[in-house]
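Peer 1: Each chain is listed here by its residues.
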Amino acid sequence: MGEMTPRKRALLCVTGNKRKADRISCLDTLTTCTVDQMNAVKAPFPEANRDPELAFRLAAAAWEVVGLEGFKMPFDLCVEAEALGCKINWGRIDRHPSVETHVFNDLKDLKIPEDIMDRGRFPLKHDVELRLMKEYGDYLPVVNQVTGPFTIAGHVFGIERFCIWTKKRPLEEVKEALMTISEMNIADCKKALKSGSEIVCIADPSATSDILSPVFFRDVMVPVYRNMATKIGAPIVLHICGNTTAYLPYLPDTGVDAFSVDAQVDIGFAKAVVGNKIAIVGGVPTITALLFGTPQKVREAAIDAIKKGVDVLMPSCGIPPRAPLENFKALVEVARCMVYQ
Amino acid sequence: MATKEEIVNGFIKAIVDGDEAASVMWAKQGIDAKVDAYELVTKHGGDAMSIVNSKYEKKEFFVPEVLCSANALNAAVDVLAPYMKADKASEPATVILGVVEGDIHDIGKNLVKIMLSAAGFRVVDLGKDVPLMQFVDKTKELKADVVGMSALMSTTMPSMKKVIQLLQEAGIRDKVKVIVGGGPVTKEWALSIGADDRPHDASSAVGATKELVAKLKAERGAW
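Top to bottom, those sequences are chains L and V.
According to our numbering, the stretch in the first sequence is residues 1 to 341, in order.
According to our numbering, the stretch in the second sequence is residues 1001 to 1223, in order.
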């Protein structure tokens, strides 16, 4: 039997079929960019977020430099907000772009332009994905990341205001706005899947249970994610930051394939609660292990996560840009030597 | 006319419920009934936010509820401010607050600001995405007693360590106390970077800040 391609392996692992793979995948569906990689391929932030050639090189560095088993575009969470008209702070080499100003003053102002996929950096993102697909697609998977609807709502309305509306406005109106935003995500994914991306990552950091109640998550966010899962039609990883333990019971209802948990969530607990219904991915803490730790500390965290049953071994959140390359590589090394047979 | 007790209870309930219209209404009644405005804000407003925070701790309340309560308190403070006679006996301690460079998540910082202001601190808010050197410059300029920093992203947390180093390099680390906060920030990590405390939420920030200021005054004396 020939060696399984990382592409096949990743597709099995994100859909909860890691036992059918030869070993655990170390695809990273979250932010993979670090300064060490930018220097290695001469594609630094902030330029690499806007220049297609640099973006391609930096995206490819995930495999070429670190050895992660797949690619992800884009690097930041501002593509949607930018295309909708928000002002962006482009950051610098060790700082991701961030949204500076909201654009809508009321729920009823929300309008997604028909040609949204031609605006801002949507074309750049899809072009880079297509190029990655052409050059690596038979061997490695391409992940199309979308910023989750709640996070986008925070960007375009202002997060504090949107939070207050979740209490002061009719819940149906709030849900309607999130549904409208999710349709933009769906259009984005359809376009990406058509040009060869195979996995979708919904990164919705603001929907954290540090902010929202499990009841709001169940009643509003679950139907919104379910709408996406039903229409997108590809393996989906959902990432939410913070301690999402209280959300776990509701996650299978979203219909996504995998849930990416932050460092505050115990992998063993998550697997025990919903592990038979949804894949649990993550496992290596970004701060204590990858940023401030040592390769040995990363290895210990990775082995611990694998023992607890994690389905894809990856950082627990977006990797901090200053995390040393040797630490990131240690994660990949562990995945590579965990052979099931 | 409502009794003082009714006004205080109504005021507290309005804030806990996050009902802006009611908190403003009770604040106005308080003014009419000559209830001490300073006491209404710092004591009873503080009590109300303590209730809010204990509900937050028990997971009865989440950030949206806390924001509604903070708004209700803020609206009342706007009404009461002209009637507030500040506590002349002691000069209030100065607290500088800001979200570090690269980070724009300021909900937590804003809550801390409201709580500390309600508790009588002089709070100077540097806003979000604050250049690191600005924390140092403002500390010197305002002869601040406490520097509070927040970061909500694991990618920006390291900046807090950098600010503490900058305070050291400027030779003023022992002039101020440093508190840090934000979702991913653990107490263990906070102490390891040389911060003095990491209050676990906005209401415990008040007690922690009071303690640190008392300690500071004993150690340092005036600036």
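I should point out that these hints are in silico values taken from the structure, not numbers from a laboratory.
Since the model is a prediction, treat every value here as computed from it, not as a measurement.
A virtual CB, placed ideally from N, CA and C, is assigned to each residue, including glycine.
Check before you lean on any hint, since a few could be wrong.
[What the hints assert, rightly or not] Residues from chain V shown here face chain L by an in silico Cβ test under 7 angstroms; the list is partial: (1) Tyr1056; (2) Leu1067; (3) Asn1074; (4) Ala1075; (5) Gly1102; (6) Ile1107; (7) Leu1166; (8) Gly1221; (9) Trp1223.
[Said to hold, decoys possible] When the alpha-carbon atoms are kept at most 25 angstroms apart in a straight line, the in silico BS3-like pairs for lysine-lysine are as follows: (10) Lys168/L / Lys1217/V; (11) Lys1013/V / Lys87/L; (12) Lys1138/V / Lys168/L; (13) Lys308/L / Lys297/L; (14) Lys168/L / Lys1187/V; (15) Lys1217/V / Lys1138/V; (16) Lys1187/V / Lys1059/V; (17) Lys1055/V / Lys1043/V; (18) Lys297/L / Lys1059/V; (19) Lys1128/V / Lys1162/V; (20) Lys271/L / Lys1059/V; (21) Lys168/L / Lys1162/V; (22) Lys175/L / Lys1059/V; (23) Lys1217/V / Lys1128/V; (24) Lys190/L / Lys231/L; (25) Lys297/L / Lys1028/V; (26) Lys167/L / Lys1187/V; (27) Lys1162/V / Lys167/L; (28) Lys1055/V / Lys168/L; (29) Lys1059/V / Lys167/L; (30) Lys297/L / Lys1013/V.
Peer 1: Taking the hints in turn, state whether each one holds.
Peer 2: Now for the hints, and whether the structure bears them out:
Taken as an interface hint, Tyr1056/V does not check out: its beta carbon lies about 10 angstroms from the nearest beta carbon of chain L, beyond 7 angstroms. Interface restraint check for Leu1067/V: the shortest CB-CB distance to chain L comes to about 5 angstroms, inside 7 angstroms, so the restraint holds. Hint on Asn1074/V is violated. Least Cβ distance to chain L is approximately 12 angstroms, over the 7 angstroms limit. For Ala1075/V, the suggested interface contact is broken, since its CB lies about 12 angstroms from the closest CB of chain L, more than 7 angstroms.
For Gly1102/V, the shortest C-beta to C-beta distance to chain L is roughly 4 angstroms, which falls under 7 angstroms, so the interface hint holds. With a cut of 7 angstroms, the hint placing Ile1107/V at the interface with chain L holds, because the nearest CB-to-CB distance is about 6 angstroms. The interface hint given for Leu1166/V is broken, as the beta carbon of that residue sits about 17 angstroms from the closest beta carbon of chain L, more than 7 angstroms. A distance limit of 7 angstroms between C-beta atoms decides the matter here; for Gly1221/V the minimum to chain L is near 36 angstroms, and the interface restraint is violated.
Restraint check, Trp1223/V versus chain L: the minimum CB separation of about 33 angstroms is more than 7 angstroms; hint violated. Distance check on the hinted pair: Lys168/L and Lys1217/V sit about 43 angstroms apart at the alpha-carbon level, beyond 25 angstroms; violated. Our distance criterion of 25 angstroms between C-alpha atoms is broken by Lys1013/V and Lys87/L, whose separation comes to about 39 angstroms. A threshold of 25 angstroms between alpha carbons decides the hint, and for Lys1138/V with Lys168/L the separation of about 37 angstroms lies outside it, so the pair is violated.
Using a Cα cut-off of 25 angstroms, the hinted pair Lys308/L and Lys297/L holds, with the two alpha carbons roughly 17 angstroms apart. Straight-line distance between C-alpha atoms of Lys168/L and Lys1187/V comes to about 34 angstroms, which puts the hinted pair past the 25 angstroms bound. At roughly 19 angstroms between alpha-carbon atoms, Lys1217/V and Lys1138/V fall within 25 angstroms of each other, so this suggested pair holds. Note on Lys1187/V and Lys1059/V: the hinted pairing holds, with a Cα-Cα distance of about 20 angstroms set against a maximum of 25 angstroms.
For the suggested pair Lys1055/V and Lys1043/V, the alpha carbons sit about 18 angstroms apart, so the restraint of at most 25 angstroms is met. The straight-line distance between the Cα atoms of Lys297/L and Lys1059/V is roughly 33 angstroms, outside the 25 angstroms bound, and the hint therefore fails. Proximity of Lys1128/V to Lys1162/V is assessed by CA-CA distance (about 16 angstroms); at most 25 angstroms being required, the pair is judged to hold. As the CA atoms of Lys271/L and Lys1059/V are separated by approximately 23 angstroms, the hinted pair is consistent with the 25 angstroms bound.
Taking the CA atoms of Lys168/L and Lys1162/V, the gap is about 40 angstroms. The hint is violated against a cut of 25 angstroms. Of the supplied pair hints, the one linking Lys175/L and Lys1059/V holds, its CA atoms being roughly 22 angstroms apart against a limit of 25 angstroms. Annotation: proposed proximity of Lys1217/V to Lys1128/V is violated, straight-line Cα distance about 28 angstroms (limit 25 angstroms). The straight-line distance between the Cα atoms of Lys190/L and Lys231/L is roughly 9 angstroms, inside the 25 angstroms bound, and the hint therefore holds.
Proximity of Lys297/L to Lys1028/V is assessed by CA-CA distance (about 59 angstroms); at most 25 angstroms being required, the pair is judged violated. A hinted pair counts as satisfied when its Cα atoms are at most 25 angstroms apart, and Lys167/L with Lys1187/V does not qualify at roughly 31 angstroms. With a C-alpha separation of about 38 angstroms, the suggested pairing of Lys1162/V with Lys167/L is violated against the 25 angstroms cut-off. Under the criterion of a C-alpha separation no larger than 25 angstroms, the hint pairing Lys1055/V with Lys168/L is consistent with the structure, at around 19 angstroms.
Between Lys1059/V and Lys167/L, the direct Cα distance comes to roughly 16 angstroms. Compliance with the 25 angstroms bound is thereby established for this hinted pair. With a C-alpha separation of about 49 angstroms, the suggested pairing of Lys297/L with Lys1013/V is violated against the 25 angstroms cut-off.
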